[in-house]
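Protein chains: 2
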Amino acid sequence: MQTIEFKRRPKIIGSYSIVGPKEGQGPFGSFFDYVMKNDLFGEKTYELAERKMFEQAVMGALQSAGLQPNDVDLMLAGDLLNQIISSSFTARAFNMPYLGLFGACSTMAESLATGATLVDSGHFGNVICLTGSHFSTAERQFRFPLELGNQRVPTSQWTATAAGATILSLEGKGPQVVMATFGRVIDYGVVDVNNMGAAMAPSAADTLLTHFKDTGRKPSYYDLIVTGDLGKLGAEILLDLLEDKGIKLGLNYSDCGHCYYTRGQDTMCGGSGCGVSASVLNSYIIKKMKKGEYKKVLFVPTGALMSTTASQQGESIPGVSHAIVLEMGGV
Amino acid sequence: MQTIEFKRRPKIIGSYSIVGPKEGQGPFGSFFDYVMKNDLFGEKTYELAERKMFEQAVMGALQSAGLQPNDVDLMLAGDLLNQIISSSFTARAFNMPYLGLFGACSTMAESLATGATLVDSGHFGNVICLTGSHFSTAERQFRFPLELGNQRVPTSQWTATAAGATILSLEGKGPQVVMATFGRVIDYGVVDVNNMGAAMAPSAADTLLTHFKDTGRKPSYYDLIVTGDLGKLGAEILLDLLEDKGIKLGLNYSDCGHCYYTRGQDTMCGGSGCGVSASVLNSYIIKKMKKGEYKKVLFVPTGALMSTTASQQGESIPGVSHAIVLEMGGV
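Chains as they are written, first to last, in this note's numbering: chain H, 1 to 331; chain C, 1 to 331.
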């Protein structure tokens, strides 16, 4: 059984989202807590800008929960940079006990699944879950020098400049983390690093099928089933893979990456990066849940476990996805 | 409080260690489960060799516990390679639910601390904790091309070719995971990437001081207090830092990295890499505990959260260390 149910239902008592200017012009723009004026965010390097976004996300989430940094028992964080420096250096800044994670763009789910288990165990009070990405750091690490002005293929996605932080606790009010389905690593042999959606869709399908099997629920149970950053093509592949297994997602299905930019923003298949699902969860989804517009949400961030070394050595790209059940209880 | 006590005391029911030929000639040689004949391990690349070591560690740990891959509920794994490909690709091979971790050389402790909390929660049956490192993949990723025959400075350490896997469960027999102290990220401003011991020692000191404060225990409570891979210089710095705070470690203190190679093996300050503490735990320490030679062990792997990008941008190197209390109960 890959799905566990949290007995005490940890609550999301704080959240914060911060994005770059391009992301602020997208459909979720008015929901984000902070939109940066430019991608450097007053720093000398894009890596420092990414870290500053992470730090602001932590501060913002703390403020929204009415907490101080030393009220936090544990930080669970990860990012796309080699050796997850944005996360580690943020943990250094706040002096919090720290577990570094790597689940690529599934990290928001990995941190929530792990964090909720730790909080539910009763050993931890307030746990902060954190992740994000930056277009300029990811692009030059994984693909091409920014100066190259490289042409983009139709299957490509745009790595979002965005970060999100969530604070979990047994005390306080907010959407509840009710269940988590821990995903397996799935690989259908996609080798194209410009087609992340196709690489990740099989893992999203596997995790969703497992979730429905483990819980006996149907897709219609949820107001919203939302994957992370499959993008336009990946989301279509997911629907096909599920339909092959007799599962039809309905109008309650969407993908954060697919909807992250407008058509005119020229991002081909949409947004990608840890920041996409993290910023949508910590703005749009949580705000809509608090307003009662969503009561039951299945949040399924998706990660592509690629590295440049692996790709250069001819490896295919495995995916991993975890599913988090969020419900607005009688709060 | 950074230290938690596990109510149900998860047990180490399976373990396995695998090392390279150089490591097999070191002081722990006769304790390791498998010594490779050469560093390529029959593969085309060192990255594939590292992955094969991880896979063999999983198979070996499963066998030692009398389990099959599908008996495992979750794999917690991490490594030093960018985007932890050794771990992710191993999870792909075994089709297990997977949480990727990054704690650099503290990963064996990070996986045990997290894994024990998950097992203790009652949600997970058998959890496998896995990490390792490979001299040739790490050297060319973090430092210099192997062909360069680069000269080594006196403070340098030798990244071990080694991996270890541990299976935790509430059922079965073996050393118990009794407590964990979750460490903070500590940075004293060391910028020298050839002096990992100095970069990590302050975090080891912080975690040990926190552990003794949280538990009210003195160092003499333990038969063995063993840090991960501080090496000769880092271990000396740790002793100094603790003595400044009025804590004296005695003859029961040692460091896996410091003791990992013989003096004649020319590794300067000793071994480093996730594989050091992972292979020593899953051979020497667990075997000695099962024989009753150690009853109470404080296992404190240490990690340097460096990346080449961060170092090239002038950043200092933060460290993180987690402490695990292992006890041989009335088994």
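These are calculated hints, taken from the structure and not from any lab test.
Mixed in with the good hints, there may be bad ones.
Stated by the list, open to error - Each computed DMTMM-like pair below joins lysine to aspartate or glutamate, with the alpha-carbon atoms no more than 25 Å apart:
no., chain 1, residue 1, chain 2, residue 2
1, H, K7, C, D192
2, H, K213, C, E5
3, C, K295, C, D71
4, H, K218, C, E315
5, C, K288, C, D187
6, H, K213, C, D73
7, H, K44, C, E315
8, C, K7, H, D73
9, C, K218, H, E171
10, C, K213, H, D71
11, C, K288, C, E43
12, H, K44, C, E5
13, C, K52, H, E5
14, C, K7, H, D223
15, C, K7, H, E327
16, H, K295, H, D223
17, H, K52, C, E171
18, C, K44, H, E327
19, H, K248, H, E315
20, C, K173, C, E315
21, H, K52, C, E315
22, H, K245, C, E315
23, H, K44, C, D187
24, C, K52, H, D187
25, C, K7, H, E5
26, H, K7, C, D187
27, C, K44, H, E5
28, C, K213, H, D73
29, C, K245, H, E171
30, C, K44, H, D192
31, H, K7, C, E171
32, H, K7, C, D223
33, H, K248, H, E293
How the hints compare with the structure:
| no. | hint | result |
| --- | --- | --- |
| 1 | K7/H with D192/C | 47 Å, violated |
| 2 | K213/H with E5/C | 34 Å, violated |
| 3 | K295/C with D71/C | 29 Å, violated |
| 4 | K218/H with E315/C | 50 Å, violated |
| 5 | K288/C with D187/C | 34 Å, violated |
| 6 | K213/H with D73/C | 16 Å, holds |
| 7 | K44/H with E315/C | 13 Å, holds |
| 8 | K7/C with D73/H | 19 Å, holds |
| 9 | K218/C with E171/H | 34 Å, violated |
| 10 | K213/C with D71/H | 18 Å, holds |
| 11 | K288/C with E43/C | 33 Å, violated |
| 12 | K44/H with E5/C | 44 Å, violated |
| 13 | K52/C with E5/H | 35 Å, violated |
| 14 | K7/C with D223/H | 38 Å, violated |
| 15 | K7/C with E327/H | 29 Å, violated |
| 16 | K295/H with D223/H | 7 Å, holds |
| 17 | K52/H with E171/C | 45 Å, violated |
| 18 | K44/C with E327/H | 49 Å, violated |
| 19 | K248/H with E315/H | 32 Å, violated |
| 20 | K173/C with E315/C | 45 Å, violated |
| 21 | K52/H with E315/C | 14 Å, holds |
| 22 | K245/H with E315/C | 50 Å, violated |
| 23 | K44/H with D187/C | 21 Å, holds |
| 24 | K52/C with D187/H | 18 Å, holds |
| 25 | K7/C with E5/H | 20 Å, holds |
| 26 | K7/H with D187/C | 38 Å, violated |
| 27 | K44/C with E5/H | 44 Å, violated |
| 28 | K213/C with D73/H | 16 Å, holds |
| 29 | K245/C with E171/H | 36 Å, violated |
| 30 | K44/C with D192/H | 22 Å, holds |
| 31 | K7/H with E171/C | 22 Å, holds |
| 32 | K7/H with D223/C | 38 Å, violated |
| 33 | K248/H with E293/H | 23 Å, holds |
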